[in-house]
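Asker: Sequence:
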Amino acid sequence: MLSKLVEEKGEFELKYTFPNYFRSPLESWLSVCCKKDPNYPKSRVQSIYLESNLTESYQEKVNSDFFKTKYRVRWYETDYGRPFEEADKIPVFLENKMKIGTKRLKNRWIVETSFYKLSSENLNSQFHGCWYEMFSDKKEDFIPYLQPFVQISYTRKRFLDSITGSRLSLDYDIRVEKTNSSLLPPAHKIPLDVGVFEVKSKSNSPPHSLVYLTTNIVKKANFSKYEQCVSSLEI
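For the sequence shown, this note's numbering assigns the number 6 to the initial residue and increments by one for each residue that follows.
The set of hints was computed from the structure by calculation and includes no laboratory data. Misleading hints may appear alongside valid ones.
[As the list claims (entries may be wrong)] Per label pair, the in silico range of CB-to-CB distance:
(1) Asp146 x Glu32: 39 to 47 Å
(2) Leu238 x Ser125: 19 to 27 Å
(3) Leu165 x Asn58: 39 to 47 Å
(4) Glu32 x Leu59: 38 to 46 Å
(5) Tyr45 x Asn68: 29 to 37 Å
(6) Thr169 x Asn58: 37 to 45 Å
(7) Val216 x Asp142: 43 to 51 Å
(8) Ser236 x Gly170: 33 to 41 Å
We put the CB at the ideal spot given by N, CA and C, even for glycine.
All chains, please: the whole structure from these sequences, using the hints.
Answerer: Here it is as structure tokens:
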């Protein structure tokens, strides 16, 4: 049962890319100049993206539409592919994310479910077929039928800008974990050759402390992990 609703409104999300070989020095720089997130400094992020029959969310990414929306199921693991607390059930986040340019709005519902089934069931299984019904129960407006499309994962390290409190994340080892075999080729699990640095705050520009980094070191990009991972498959 859906147990909690969290709404995030009016936040800007700035994205930058960097080559994988630069991840270590970039992480060292952030560790010195910023604070590590006190609650969630590091995790392996798992996300299942849901799609309509017309793959509308994916097409919005490919076409770089100004308005984008997506539905995903997300949970967090340790580096070793285990839950942070050993239990039969873990918290899973059902997210409806909308972007208007660089501004994002996100609705998030929390549900508990079996970690074993999340990890072991195929995306076209009956277990994963339940997500659409859960979204439909909470969304006030009509949404088309959605089915699991692809599961991607990456390691995320989180930091905070010491002055503004802006949330920073360093994402790397981005790869496809699973695909819906009736819609996509099998997952190859080969990481993308780039990582992503994200800045999330109430401002549409990076904090002053990050101006040199975002101007000279990392490259600002309209980058979607979802779109890049799906595009990397032999469709």
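Asker: Indicate, hint by hint, whether the structure satisfies it.
Answerer: The hints, checked one at a time:
no., hint, in the structure
1, Asp146 x Glu32: 39 to 47 Å, "holds, 41 Å"
2, Leu238 x Ser125: 19 to 27 Å, "holds, 22 Å"
3, Leu165 x Asn58: 39 to 47 Å, "holds, 41 Å"
4, Glu32 x Leu59: 38 to 46 Å, "holds, 39 Å"
5, Tyr45 x Asn68: 29 to 37 Å, "holds, 33 Å"
6, Thr169 x Asn58: 37 to 45 Å, "holds, 43 Å"
7, Val216 x Asp142: 43 to 51 Å, "holds, 45 Å"
8, Ser236 x Gly170: 33 to 41 Å, "holds, 34 Å"
When each numbered hint is compared with the structure, no violation occurs for any of them.
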